[in-house]
Amino acid sequence: MKGPGARLVAAAIRLLSGVRVAWHEALELDGRPRIFFANHMSHLDFIVIWSALPKPVRESTRPVAAKDYWERGRLRRCLSEKVFQAALVDRGRATRTANPIDELETLITGDRSSIILFPEGTRGSGDEISPFKSGLYHLARRLPATPLVPVYLENLNRILPKGEVLPIPLLSRCLFGAPTRLGAGETRAAFLERARRSVLALRDGEPGGPGSTGDDPQR
Amino acid sequence: MRWDAETSWLVAGTFVLLVAASACCAALRRRCGDRPNPALDNLVARTRAWWVMAFVFLFNLAVGHWGVTLMFCLVSFMALREFVTLNPTKRGDHRTLFWVFFIITPLQYALVGIRWYGLFQILIPVYAFVLIPIRSVLTGDTDQFLERNAKIQWGLLVCVYFVSHIPMLLVLQIPGYEGENAKLLFFFVAVVQISDVLQYVFGKLMGRRKIAPGVSPNKTLEGFVLGVLAASATGAALWWATPFSPGQAFVMALVITVMGFAGGLVMSAIKRDLGVKDWGHAISGHGGFMDRIDSLCFAAPVFFHLTVFYFGAGTDGLEPGWVRGILAPF
Numbered sequence: 016m017k018g019p020g021a022r023l024v025a026a027a028i029r030l031l032s033g034v035r036v037a038w039h040e041a042l043e044l045d046g047r048p049r050i051f052f053a054n055h056m057s058h059l060d061f062i063v064i065w066s067a068l069p070k071p072v073r074e075s076t077r078p079v080a081a082k083d084y085w086e087r088g089r090l091r092r093c094l095s096e097k098v099f100q101a102a103l104v105d106r107g108r109a110t111r112t113a114n115p116i117d118e119l120e121t122l123i124t125g126d127r128s129s130i131i132l133f134p135e136g137t138r139g140s141g142d143e144i145s146p147f148k149s150g151l152y153h154l155a156r157r158l159p160a161t162p163l164v165p166v167y168l169e170n171l172n173r174i175l176p177k178g179e180v181l182p183i184p185l186l187s188r189c190l191f192g193a194p195t196r197l198g199a200g201e202t203r204a205a206f207l208e209r210a211r212r213s214v215l216a217l218r219d220g221e222p223g224g225p226g227s228t229g230d231d232p233q234r
Numbered sequence: 011m012r013w014d015a016e017t018s019w020l021v022a023g024t025f026v027l028l029v030a031a032s033a034c035c036a037a038l039r040r041r042c043g044d045r046p047n048p049a050l051d052n053l054v055a056r057t058r059a060w061w062v063m064a065f066v067f068l069f070n071l072a073v074g075h076w077g078v079t080l081m082f083c084l085v086s087f088m089a090l091r092e093f094v095t096l097n098p099t100k101r102g103d104h105r106t107l108f109w110v111f112f113i114i115t116p117l118q119y120a121l122v123g124i125r126w127y128g129l130f131q132i133l134i135p136v137y138a139f140v141l142i143p144i145r146s147v148l149t150g151d152t153d154q155f156l157e158r159n160a161k162i163q164w165g166l167l168v169c170v171y172f173v174s175h176i177p178m179l180l181v182l183q184i185p186g187y188e189g190e191n192a193k194l195l196f197f198f199v200a201v202v203q204i205s206d207v208l209q210y211v212f213g214k215l216m217g218r219r220k221i222a223p224g225v226s227p228n229k230t231l232e233g234f235v236l237g238v239l240a241a242s243a244t245g246a247a248l249w250w251a252t253p254f255s256p257g258q259a260f261v262m263a264l265v266i267t268v269m270g271f272a273g274g275l276v277m278s279a280i281k282r283d284l285g286v287k288d289w290g291h292a293i294s295g296h297g298g299f300m301d302r303i304d305s306l307c308f309a310a311p312v313f314f315h316l317t318v319f320y321f322g323a324g325t326d327g328l329e330p331g332w333v334r335g336i337l338a339p340f
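If you read the protein sequences in the order shown, they are chains A and B.
Residue numbers for the first sequence follow the numbering used here, so the first one is 16 and each next one is one higher.
Residue numbers for the second sequence follow the numbering used here, so the first one is 11 and each next one is one higher.
Keep in mind that the hints were calculated from the coordinates and are not lab data.
Check each hint, because a few of them may be wrong.
Straight-line C-alpha distance at most 25 Å; calculated SDA-like pairs for lysine to any residue [claimed, not checked]:
no., chain 1, residue 1, chain 2, residue 2
1, B, K281, A, L30
2, A, K177, B, D153
3, A, K177, B, F108
4, B, K281, A, D142
5, B, K161, A, G33
6, B, K287, A, P184
7, B, K100, A, H58
8, B, K214, B, L53
9, B, K161, A, G178
10, A, K177, B, L148
11, B, K100, A, R29
12, B, K287, A, L30
Since this is a predicted model, take the numbers as computed values, not measurements.
Go ahead and model the full structure; you've got the sequences and the hints to work with.
Below you can see the structure in the form of structure tokens.
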């Protein structure tokens, strides 16, 4: 979504989700593409991250969503195509016609878009962060120059849990951590675990990071 | 509501206080120079927020009954939002909370709006308290059942039921004081908030002995006693705006400031248990909505009912005529 309406929609989402946004001091956000990866627990996750981003980044950021879910039904298709401009990827290995990593790579190198990725693959309960799927690793290997930004979302599982249609108006947080890259010679398992821990560190208030000021509502 | 000379004096007094506070901030700033001073920054932020809050409050008071009702409805909603956010609820509470936020809270204020005192009094303690555990039990989640429901009920009681007594002050019928209730509401809010400020100021200036070290380490005995007495004296000095005599105004102010202190202490105990300093971050310098209204919560219903009891005031308690018309065929 672009244009003057987008700014209003973003402000409305921030108001309704009561989100407090915090940034790591080492994080610079300009027009260059980035891969944001976050914990996943609610349909609101993407819209909240999207609304929290500064305008130039927001306009070129697209969420990565599951094709099997978002192409089912007219409403979902309309939302994912028109409103969020989601990059829909095929989760099922067997039905795949194209490699989703190729598509995402084109999006970043060709369209210069940033993407929002939920490497857990599916929405969790919000209590734990599941092991990451390997898509993030493949992207990091192919695009070594693109910064990977961990994002921690809090409380959205309580605002709109899996399986519910109506949200309740609690307050949430969206924390952006320090950008990272794939280390030289880092194995897939080590990288994915490190990425997962970088999201967890945001939750626990890593030193120097966002939400480490000691006045956080949750910890 | 009538705008009379007394109302003008109250509004003028508020602005004099705010200007004085801003002048104090400016003087302190000049004295401190460029040295960083978090305490002063907080004071400046607080004062700025006071300007905004006073404007919003007085504007809605001037708009009248519905303006005040809508304003406190939003305050309740925001306070409840902070309360439930910090008190861990479970997946099974989702739909119960939906009812609490979007049906019960607006309904309570709608009753204030249409001045149906009878139902206003029992909507939450009877109907909502019955509905909440019923809605929760339907989800089949029995884990910590009593605790979860108690938290929701308590939040609703403090953030919504108690606070809704403030706009309900406008509905009271006090013989010889018809159309002047806005000043009574102003008296209540001003005395409790001034007491908060004075307790803070006296505590900072001459506080020695901690009054509740385990609950709220910043509250001192000196701050409490001097703050409450000074605020009660202020209340007595405002007697001309109320239906009370000077002595009665002093006692009423004393009761609500002590209740305000107690309310603040209770809400601090909850915050301490949850391990947080503030309820939220909505009001710069103050914390959340709940941090600003914690003292009003407990004082409001007590002030309301003491006024009803002693001044022969009251409301007829009955449903408005048009509601009776709708119900008549049944």
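What hints, given by number in increasing order, does this structure fail? none
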